[in-house]
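Chains as they are written, first to last, in the working numbering: chain W, 42 to 132; chain C, 42 to 132.
Don't read these hints as lab results, they were simulated from the structure.
Not one of these hints is a red herring.
Cβ pair distances, simulated, as ranges: (1) C:E128 with W:A82: 20 to 26 Å; (2) W:R114 with C:A103: 37 to 43 Å; (3) W:G80 with C:D101: 16 to 22 Å; (4) W:K70 with C:G83: 36 to 42 Å.
The calculated BS3-like cross-link candidates involving lysine-lysine, where the alpha carbons are at most 30 Å apart (straight line), are: (5) C:K50 with W:K70; (6) W:K115 with C:K70; (7) W:K61 with C:K61; (8) W:K104 with C:K91; (9) C:K91 with C:K70; (10) W:K61 with W:K104; (11) W:K70 with C:K104; (12) C:K91 with C:K115; (13) C:K115 with W:K91; (14) C:K115 with W:K61; (15) C:K61 with W:K70; (16) W:K70 with C:K91.
Positions of the beta carbon are idealized from the N, C-alpha and C atoms, including for glycine.
This is what each chain is made of:
There are 2 protein chains.
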Amino acid sequence: MPGNTAAPKTLRARVTVMPKPGVLDPQGKAIAHALGNLGYAGVEEVRAGKVIELDLHETDPAKAQTLAEDMARKLLANTVIESFRVEIAGA
Amino acid sequence: MPGNTAAPKTLRARVTVMPKPGVLDPQGKAIAHALGNLGYAGVEEVRAGKVIELDLHETDPAKAQTLAEDMARKLLANTVIESFRVEIAGA
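Build the full structure now, drawing on both the sequences and the hints.
Next comes the structure, spelled out in structure tokens:
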């Protein structure tokens, strides 16, 4: 559509990486402990992970999803101890 | 409702913490560089943040939201350089 509307040229992929269930999560444990020290009761479990937002030169959400999953498997997540999921949004 | 349905006794809060726009993000830069080295072209920008999942002894989503935002401001995020958002889901 040339003219007055600009199609997005990039898509944003959000890769969320979390420790797998059963894997020790010292960062989560430390946060739970610190919250207790600050007086917060009623915190049952805390798990800490990371999120990586990637702006990709890609206009097809399905391709962006595949690409981001590939990046997650090869670099962003250690799939032995971490699971990941990918969400795609316009950037 | 006593009997055959068990209401969830905890709610899961997901706190996502990202570097604010304009704040240097060395981890994101390192990931972008590593993706380039692995042969991925077309990666425009990468930002790395963290995600903390908290299982809270709380049944009211609005209260859980307020509690998690309070925790984020006091402990989980450094609001000088990081922004955060809170999502609530049943756990």
